[in-house]
Amino acid sequence: DAGVTQSPTHLIKTRGQQVTLRCSPKSGHDTVSWYQQALGQGPQFIFQYYEEEERQRGNFPDRFSGHQFPNYSSELNVNALLLGDSALYLCASFSYVNTEAFFGQGTRLTVV
Amino acid sequence: GQQVMQIPQYQHVQEGEDFTTYCNSSTTLSNIQWYKQRPGGHPVFLIQLVKSGEVKKQKRLTFQFGEAKKNSSLHITATQTTDVGTYFCAVRGAQKLVFGQGTRLTINP
Numbered sequence: 099d100a101g102v103t104q105s106p107t108h109l110i111k112t113r114g115q116q117v118t119l120r121c122s123p124k125s126g127h128d129t130v131s132w133y134q135q136a137l138g139q140g141p142q143f144i145f146q147y148y149e150e151e152e153r154q155r156g157n158f159p160d161r162f163s164g165h166q167f168p169n170y171s172s173e174l175n176v177n178a179l180l181l182g183d184s185a186l187y188l189c190a191s192f193s194y195v196n197t198e199a200f201f202g203q204g205t206r207l208t209v210v
Numbered sequence: 442g443q444q445v446m447q448i449p450q451y452q453h454v455q456e457g458e459d460f461t462t463y464c465n466s467s468t469t470l471s472n473i474q475w476y477k478q479r480p481g482g483h484p485v486f487l488i489q490l491v492k493s494g495e496v497k498k499q500k501r502l503t504f505q506f507g508e509a510k511k512n513s514s515l516h517i518t519a520t521q522t523t524d525v526g527t528y529f530c531a532v533r534g535a536q537k538l539v540f541g542q543g544t545r546l547t548i549n550p
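As they're listed, the protein sequences go chains A and B.
Here the first sequence stands for residues 99 to 210, numbered as in this note's numbering.
Here the second sequence stands for residues 442 to 550, numbered as in this note's numbering.
Treat the hints loosely; a few may be bogus.
The following residues of chain B were derived to be distant from chain A, with all beta-carbon distances above 10 Å [stated by the list, open to error]:
| hint | residue |
| --- | --- |
| 1 | Gln489 |
| 2 | Gly494 |
| 3 | Glu495 |
| 4 | Glu508 |
| 5 | Arg533 |
| 6 | Gln536 |
| 7 | Val539 |
| 8 | Asn549 |
Derived coverage of chain A by chain B (criterion: at least 3 residues anywhere in the stretch with Cβ under 8 Å from a Cβ of chain B; other residues may be distant) [what the hints assert, rightly or not]:
| hint | segment |
| --- | --- |
| 9 | 140 to 147 |
| 10 | 150 to 164 |
| 11 | 197 to 203 |
Hint data in this document are derived by calculation from the structure and do not stem from the laboratory.
All of these numbers come straight from a predicted model, not from anything done at the bench.
For each residue, glycine too, the CB sits at the ideal point set by N, CA and C.
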């Protein structure tokens, strides 16, 4: 049973560029959330997708957008990258009947 | 919204010593979850507490939820090198987790 998988694991981008990160949830999970974790900080909620719709959004600008596909996988897109977007981006999945969130290994994004 | 503060930010102990991290809120929490993140890893769920005064144990780990549901603690007895990592408390809302800043535990073998 595969857990949450994310790709790529590492990425280096230049300021102003755009990036797409991908996530496949744990088998049986239909809800995907994205988090940004800056170095030395706790994960910060970006948004959550359920039934292919954004259900809730954290305090992130419109440069951050997402999508969920019919197979429950999800993408996180970030436009006009800033140096401050450098962070570990975590995808988490869960089903509403479960208590715990399962996190992927994350994508380490570096903006130079 | 519900927010949680964690202390201390860092803790260094000798192997075999005990370790405690605290999670505090100014408002009543509906639940509290604890996660562990190893260096270079991702958060891994440890436990959820929902009842006032609840105490749960997992081997050397003891989790408590305060009577007023405004604070929680994680206590590790006789730390081992495998306990190294950052411990986060988090509150689970309907659609999101709100994390504390975490307590980073390092251990001198």
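Results for each hint:
The Cβ of Gln489/B does not lie farther than 10 Å from every Cβ of chain A; its closest approach is about 5 Å, which violates its non-interface assignment. Distance to chain A confirms Gly494/B as a non-interface residue, since its nearest Cβ pair spans about 19 Å, more than 10 Å. With a least CB separation of 14 Å from chain A, Glu495/B remains clear of the 10 Å interface cut-off, as annotated. For Glu508/B, the non-interface assignment is confirmed: its Cβ lies about 22 Å from the closest Cβ of chain A, beyond the 10 Å cut-off.
The Cβ of Arg533/B sits about 8 Å from the closest Cβ of chain A, inside the 10 Å cut-off, so the non-interface label is violated. With a cut of 10 Å on Cβ distances, Gln536/B falls inside the contact zone with chain A, its closest approach being about 4 Å. A beta-carbon of chain A is positioned within 10 Å of the beta-carbon of Val539/B; the least distance is around 7 Å. Look at Asn549/B: its CB is around 21 Å from the nearest CB on chain A, clear of 10 Å, so calling it non-interface holds up.
Closer than 8 Å: that is the beta-carbon criterion, and the segment 140 to 147 of chain A has 5 residues meeting it against chain B, so the requirement of 3 holds. Under the rule that three or more residues need a Cβ within less than 8 Å of chain B, the assignment of the segment 150 to 164 of chain A holds, with 3 such residues. Here's how the segment 197 to 203 of chain A fares: 7 of its residues keep a CB closer than 8 Å to some CB of chain B, so the rule of at least three is met and the hint holds.
Going through the hint list in order, the structure does not satisfy hints 1, 5, 6, 7.
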